[in-house]
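J.: Given next are the chains, with one letter for each unit.
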Amino acid sequence: MEDKKEELAKTSGDNDPRIIAFVCNWCTYSGADLAGTSRMKYADNVRVIKLPCSGRIDPMFIVEAFKKGAKGVLISGCHPGDCHYISGNYHSRRKYAIFRNLLGFLGVDLNRVEFSWVSASEGNKWVHIINEFTDKIKSLKNGSNDIFKK
Amino acid sequence: MSRIGVFVCWCGSNIAGTVDVEKVRDEASKIPGVVSAVDYKYMCSDPGQNSLRNVIKEKNLTGVVLAACSPHMHENTFRKAAIKEGLNPYFVEIANIREQVSWVHDDKERATSKAVDLMTMMVEKVKRDRSIDDVKVPLHKKTLVIGGGISGIQAALDIANGGVEVLLVEKEPSIGGRMIQLDETFPTLDCSSCIMTPKMVEVNQHPNIKLYTYSEVTDVSGYIGNFKIKIKKKARSVVEKDCTGCGNCWNVCPMHKNVKSEFNVNLSERTAIYVPFPQAVPLIPALDRAVCLHFKKGGKCVKCYEACGPKCIDFNLQDEIVEETVGAIVAATGYDLIENSLYGEYGYGKYKDVVSGLQFERLLSASGPTEGLVKRPSDGATPKTIVFIQCVGSRDPEKGVPYCSKVCCMYTAKHAKLFAHKVHGSQSYVFYIDIRATSKGYEEFVRGTMEQDGAIYLRGRVSRIYEDEGKLIIKGADTLSGNQVEIAADMVVLATGVIPKKGSDKVAQMLGISYDKYGFYTESHPKLRPTESSTAGIFLAGMAQGPRDIPESVVSGSAAASKILGLFSKDEYEVEGTIASVNEATCVACFYCRRVCAYNAISGKDIKDRSGKLIKVVANVNPGLCVGCGACVNACFSKTIDVKGFMDDQIYAEIRSLSV
Ligand SMILES: Cc1cc2nc3c(=O)[nH]c(=O)nc-3n(C[C@H](O)[C@H](O)[C@H](O)COP(=O)(O)OP(=O)(O)OC[C@H]3O[C@@H](n4cnc5c(N)ncnc54)[C@H](O)[C@@H]3O)c2cc1C
Ligand code: SF4
Ligand code: SF4
Ligand code: FES
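For the protein sequence lines, the chains are A and B, in the order given.
When we follow my numbering, the leftmost residue of the first sequence carries the number 28, and every step to the right adds one.
When we follow my numbering, the leftmost residue of the second sequence carries the number 24, and every step to the right adds one.
There may be inaccurate statements among the hints.
[Unchecked claim] Quick list of in silico lysine-lysine cross-link-like pairs, BS3-like style, CA-CA up to 27 Å:
| # | chain 1 | residue 1 | chain 2 | residue 2 |
| --- | --- | --- | --- | --- |
| 1 | B | K540 | A | K94 |
| 2 | B | K64 | A | K95 |
| 3 | A | K152 | B | K375 |
| 4 | A | K152 | B | K131 |
| 5 | B | K283 | B | K165 |
| 6 | B | K662 | A | K94 |
| 7 | A | K165 | B | K662 |
| 8 | B | K667 | A | K68 |
| 9 | A | K94 | B | K53 |
| 10 | B | K540 | A | K122 |
| 11 | B | K375 | A | K68 |
| 12 | B | K194 | B | K131 |
| 13 | B | K667 | A | K95 |
| 14 | B | K667 | B | K429 |
| 15 | B | K662 | A | K95 |
What the hints contain is simulated information worked out from the structure, not anything from laboratory work.
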């Protein structure tokens with residue numbers, strides 16, 4: 028185990044990346060809570076920032092997160108049709124689709140931004156997403172950590 | 024200057040087993056602004072809450088962070104404790120170190136460092152919290168019910184019996200809706216008008232119900248507790264208060280040949296001045312100006328006027344607009360049937376003896392055009408063989424609608440049963456896809472139609488119907504036996520599916536509630552809030568929400584009523600204060616915010632100077648409508664609108680606190 032960690036540190040990028048997740052209160056936050064209530068285990072790199080709805084997630088939050096050293100940013104809300112506020116997730120999806128290109132233009136490795144739907148009953152999906160995303164970020168080359176080249 | 028208290032909960036070993044709570048406490052005490060940091064075994068226990076209250080009082084705290092279980096568990100508990108010490112409840116924040124830390128991680132050191140991060144984040148957030156007052160909206164205790172079918176009637180009666188005034192608006196000349204068109208009703212075969220008419224009369228006589236028939240709601244504005252509505256009373260040409268319902272007018276009206284009766288679904292005619300059916304409530308005729316000779320021939324015909332004893336016919340009556348204020352609304356606009364003409368292969372419209380299920384109800388009904396004797400429309404002969412076709416339009420995404428209309432399996436079984444009862448020695452055939460009979464007594468009912476009443480059920484579709492020597496020839500498949508079948512019948516009844524009432528989409532737009540792609544109103548939550556619309560204060564009932572039978576329509580009407588009586592049990596409606604607010608100084612009135620707001624919560628507000636001159640227009644958030652979702656915040660380019668409790672500066676502070 029220890030060996031493997033060592034090896035990872037050598038071969039891949041940042042081995043302990045900070046990941047920030049912006050999630051809505053109603054679905055994803057509750058899904059993450061459910062993972063806890065079910066005592067599922069997942070990577071501890073993620074820090075969750077709770078918002079009322081994914082529609083409240085300003086694309087500039089993502090930029091700010093990267094500026095403050097996050098290596099990955101996750102955005103997650105209710106499934107299409109399930110938003111507690113009717114259409115907030117559609118707004119965020121549309122905004123995100125446009126903003127993603129802009130992030131790419133700014134030089135952000137788009138592998139570092141992930142968008143997902145996690146419902147309040149999908150504790151296992153939350154675990155899966157966090158683990159996969161953490162692994163993915165770990166596997167990215169260090170160079171692309173340089174989100175905003177000075 | 025902030026004076027923050029941090030309380031780290033052990034939750035027994037639930038947290039303390041995986042997170043070094045003392046370390047979290049020590050880290051907390053190092054954060055500028057934190058004046059007290061303690062840890063405790065069970066913060067949510069009474070002693071835990073008391074210690075929270077004591078520290079708030081002793082240290083004169085301006086904010087509290089609990090590093091504990093999920094805010095969905097005890098945020099309210101701690102907020103209530105804070106209120107008792109005079110601290111605004113929105114100065115209480117929770118760092119979720121149980122569900123999202125101790126229960127999901129194993130490595131104590133790393134879990135502790137995550138817990139410290141989450142705690143720090145919340146300290147930074149709470150420093151930027153503002154006091155938020157919950158908004159109290161006064162309630163105008165009066166209800167508008169739109170639609171006088173069984174669901175609207177049930178809602179109106181329950182609300183009125185609860186002591187609240189009701190305005191019931193029905194666009195037809197009489198209330199009753201579809202149910203009063205029905206003959207006997209499944210699954211118990213009670214006669215529809217026997218159980219419906221007393222309710223209609225009760226509505227009319229109820230001191231708390233004001234009935235507006237032949238009327239429509241034309242405008243709705245405002246919000247929960249305070250909707251301003253306009254009701255258009257269409258010119259009836261009859262002075263309602265003088266009319267005795269004697270019928271002299273419609274008996275002399277010469278227009279009795281050309282106008283099809285809507286009530287009898289075109290199977291008979293009505294006059295120009297008419298009541299839709301004899302037990303109409305109110306029993307006051309309406310004069311249909313589109314067909315009345317007086318209006319078409321320049322005032323020549325005045326026969327009804329002459330026949331009317333109290334002289335209450337007034338050809339000059341105008342539409343009248345009534346303005347009212349109500350605190351809650353029930354939308355119960357009911358349903359229509361899918362156009363049968365979409366199914367040319369069934370010959371509807373071409374062959375007189377191919378009728379819809381609703382027409383067959385009228386042919387069965389004692390108050391119908393055949394006085395309850397089953398006679399076929401073409402020649403009045405008694406049919407001996409009838410073929411019923413289920414799922415006409417339903418479950419047919421290509422031509423009709425993909426959903427199941429829910430009532431057709433049952434009413435077809437009822438039709439076949441009543442036909443067997445009324446015409447001895449007759450035979451029914453029912454083509455079906457499958458039988459859905461899931462409520463109490465329903466399966467037994469269908470079984471009875473098959474076993475006692477001898478209806479032959481054929482699983483399969485009909486491909487063609489044509490006429491041959493006075494018979495209708497039905498060609499179809501019986502997929503269970505694998506055979507093609509050909510039946511010579513005297514009549515065909517199409518179990519046509521249901522769709523939302525024509526114009527219900529307009530009603531939804533007027534009310535600002537959402538509806539699905541078919542036009543059925545959507546619930547605020549499909550399971551947990553099936554009675555509420557997406558807009559606070561507007562409730563739903565009956566078929567307008569989707570296919571349902573009478574018992575379900577009644578239940579939904581009563582449910583809406585109980586919600587409204589509950590709402591009105593207080594004088595004010597309390598809305599969480601975490602809603603959007605506008606900085607009027609920076610608003611440029613682009614109204615991008617309004618475009619993304621799914622709740623119609625944003626309107627324009629005029630800013631005037633002292634002399635009353637308009638200076639500028641700004642966005643204004645209606646506290647009765649805003650739910651604080653925050654969609655508007657991101658739409659605003661000038662950073663003018665923000666949501667309390669999740670302000671931009673707070674979220675940026677949270678992100679910054681996580682710098683690495
Ligand atoms: C052929 C057939 C047979 C049936 N048999 C049975 C049975 O035996 N047992 C059973 O349980 N169910 C039966 N049903 C189902 C039953 O008819 C419905 O469940 C019930 O009528 C629904 O009532 P409602 O009040 O929701 O709608 P409706 O009865 O449609 O009433 C809605 C009312 O609102 C009015 N309205 C609409 N729009 C407006 C507006 N904009 N402004 C003002 N007023 C408006 C309409 O004029 C109408 O009066 C049958 C249905 C069909 C088609
Ligand atoms: S004659 Fe007059 S009182 Fe009688 S029904 Fe007609 S309008 Fe009413
Ligand atoms: S917070 Fe949501 S509901 Fe309130 S005004 Fe903004 S978009 Fe509308
Ligand atoms: S509330 Fe979950 S995305 Fe809107």
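J.: Give a verdict on every hint.
T.: Status of the hints after comparison with the structure:
no. : hint               : result
1   : B/K540 with A/K94  : violated (43 Å)
2   : B/K64 with A/K95   : violated (34 Å)
3   : A/K152 with B/K375 : violated (58 Å)
4   : A/K152 with B/K131 : holds (24 Å)
5   : B/K283 with B/K165 : violated (38 Å)
6   : B/K662 with A/K94  : holds (21 Å)
7   : A/K165 with B/K662 : violated (36 Å)
8   : B/K667 with A/K68  : violated (34 Å)
9   : A/K94 with B/K53   : holds (25 Å)
10  : B/K540 with A/K122 : holds (24 Å)
11  : B/K375 with A/K68  : violated (69 Å)
12  : B/K194 with B/K131 : violated (68 Å)
13  : B/K667 with A/K95  : holds (24 Å)
14  : B/K667 with B/K429 : violated (45 Å)
15  : B/K662 with A/K95  : holds (22 Å)
Going through the hint list in order, the structure does not satisfy hints 1, 2, 3, 5, 7, 8, 11, 12, 14.
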